[in-house]
Amino acid sequence: VSTVITVVLVALGTFVLGAARALLADEVRAWLPHIAHRLVQATARRLPPGAAERYEEEWHADLRALSDRPLSALLMAAHIRCNTRQMIQSLDRSEGQTTAERQVVPVISDLDVCMRVSAMCACTQLRRATRGITQLYEAEMAPGGLKVTQLPILVALRSDGDLPVTRLAGTLSLDRTTLTRNLGVLEQRGLIRTTEHEDSTGVRIVSLTHEGALLLARVLISWQEVQDVVEERFGGQRLRALYDELAALSAAVVRRDDA
Amino acid sequence: MAASRLTTQTLSVLAVFLEDPVAEWYGLDLAKRTRLRGGTLYPLLARLESRGWLQSRWEDVDAHVVGRPRRRLYSLTAFGEQAAGDELAAHIAALTPRAGSISLPAPRVQTR
Numbered sequence: 001v002s003t004v005i006t007v008v009l010v011a012l013g014t015f016v017l018g019a020a021r022a023l024l025a026d027e028v029r030a031w032l033p034h035i036a037h038r039l040v041q042a043t044a045r046r047l048p049p050g051a052a053e054r055y056e057e058e059w060h061a062d063l064r065a066l067s068d069r070p071l072s073a074l075l076m077a078a079h080i081r082c083n084t085r086q087m088i089q090s091l092d093r094s095e096g097q098t099t100a101e102r103q104v105v106p107v108i109s110d111l112d113v114c115m116r117v118s119a120m121c122a123c124t125q126l127r128r129a130t131r132g133i134t135q136l137y138e139a140e141m142a143p144g145g146l147k148v149t150q151l152p153i154l155v156a157l158r159s160d161g162d163l164p165v166t167r168l169a170g171t172l173s174l175d176r177t178t179l180t181r182n183l184g185v186l187e188q189r190g191l192i193r194t195t196e197h198e199d200s201t202g203v204r205i206v207s208l209t210h211e212g213a214l215l216l217a218r219v220l221i222s223w224q225e226v227q228d229v230v231e232e233r234f235g236g237q238r239l240r241a242l243y244d245e246l247a248a249l250s251a252a253v254v255r256r257d258d259a
Numbered sequence: 001m002a003a004s005r006l007t008t009q010t011l012s013v014l015a016v017f018l019e020d021p022v023a024e025w026y027g028l029d030l031a032k033r034t035r036l037r038g039g040t041l042y043p044l045l046a047r048l049e050s051r052g053w054l055q056s057r058w059e060d061v062d063a064h065v066v067g068r069p070r071r072r073l074y075s076l077t078a079f080g081e082q083a084a085g086d087e088l089a090a091h092i093a094a095l096t097p098r099a100g101s102i103s104l105p106a107p108r109v110q111t112r
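Residue numbers (the working numbering), protein chains in the order written: chain A, 1 to 259; chain B, 1 to 112.
I should point out that these hints are in silico values taken from the structure, not numbers from a laboratory.
Honestly, I wouldn't trust all of these hints.
Computed from the model, here is a short list of chain B residues facing chain A with C-beta under 10 Å [as the list claims (entries may be wrong)]:
(1) L28
(2) Y42
(3) W58
(4) V65
From the three backbone atoms N, C-alpha and C, an ideal C-beta is built for every residue, glycine too.
Please construct the entire structure, taking both the sequences and the accompanying hints into account.
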């Protein structure tokens with residue numbers, strides 16, 4: 001009889017302990033994100049006015065992105081909290097400048113040149129236009145989650161079939177680092193596949209997967225819509241004339257470099 | 001050319017930005033790419049931003065639609081692109097041994 005009682009007690013004890021541990025773990029898991037959010041909130045509020053609100057929102061967004069890893073989120077929040085002083089110093093323009101930075105900054109302090117930069121800098125103007133256009137296209141294609149830098153990759157694979165990475169880089173005029181990063185993202189999403197070429201060493205072949213083709217078909221519809229809007233508002237002919245001018249600009253710059 | 005006087009941590013962040021000078025990154029993504037922790041990365045980003053090397057903007061999304069808060073996106077300014085390129089070039093030049101001091105393996109030739 002005593003053996004039976006012992007067995008029952010041990011079983012009961014194990015069950016109670018297990019349940020308590022699970023409860024405690026759940027409790028801790030529920031509290032970790034809360035503590036992390038409170039930590040970054042406290043840190044942000046020590047920052048100068050103006051910066052406080054921005055960083056509170058920015059860090060909360062980071063923590064939310066880490067919500068499936070509450071411990072990482074807590075460690076990140078704690079690390080930010082420990083470096084509050086560095087953060088405050090960095091926001092102060094006059095302090096903490098390294099020699100290199102101090103040397104570089106006076107170069108643009110000349111007012112005349114500054115005004116020419118904002119009015120005439122070809123690079124700034126083109127980048128500004130690029131940024132606006134990128135936002136427009138990406139907002140329209142958002143449901144597909146495709147970046148405008150990734151779309152041409154899928155398009156090239158759809159129209160030309162499987163391609164070696166180097167050929168693809170050439171076709172898209174991309175450097176290999178940028179292409180490789182985008183290929184990694186696309187491959188992780190299962191939209192493309194890279195395989196080693198059968199008869200040669202080191203040559204990787206990129207191909208569109210079935211999922212990639214399906215997504216592309218969907219995104220192309222969104223692309224057509226936004227493209228129609230752009231052509232309608234700006235004018236198709238004017239757009240083609242702009243492309244000719246841009247090509248001429250690129251060519252002119254290349255020629256000057258070679259000379 | 002003198003070696004860059006920026007910290008290697010700063011250089012590692014700038015290197016990520018220089019890979020695609022018009023790309024925009026948010027903090028957590030940069031932390032993953034550079035393996036810097038939040039308390040190191042954010043003061044560094046704040047310094048680069050206050051010096052005009054980086055600019056930032058709020059992501060243009062509706063939090064209810066995407067189901068998460070909007071993120072702060074960082075990108076290089078034209079000035080930052082130039083300055084960062086110079087700094088990295090200086091850093092690489094300082095690390096590269098003078099001709100003849102070490103023999104480097106021949107670069108692999110791309111077959112295609």
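Discussion item. Under 10 Å is the threshold here; is the Cβ of V65/B close enough to any Cβ of chain A for the hint to stand?
Written reply: At 9 Å from the nearest chain A Cβ, V65/B passes the 10 Å test, so the hint holds.
Practice prompt. For the hint on L28/B, just tell me whether its beta-carbon gets within less than 10 Å of chain A.
Written response: Holds: closest Cβ of chain A sits about 5 Å from L28/B, inside 10 Å.
Worksheet item: Going by Cβ atoms only, is Y42/B closer than 10 Å to chain A?
Response: holds, 6 Å
Fill in: Interface hint for W58/B, Cβ within 10 Å of any Cβ on chain A
Result: holds, 8 Å to nearest chain A Cβ.
Hint compliance for this structure: no hint is broken.
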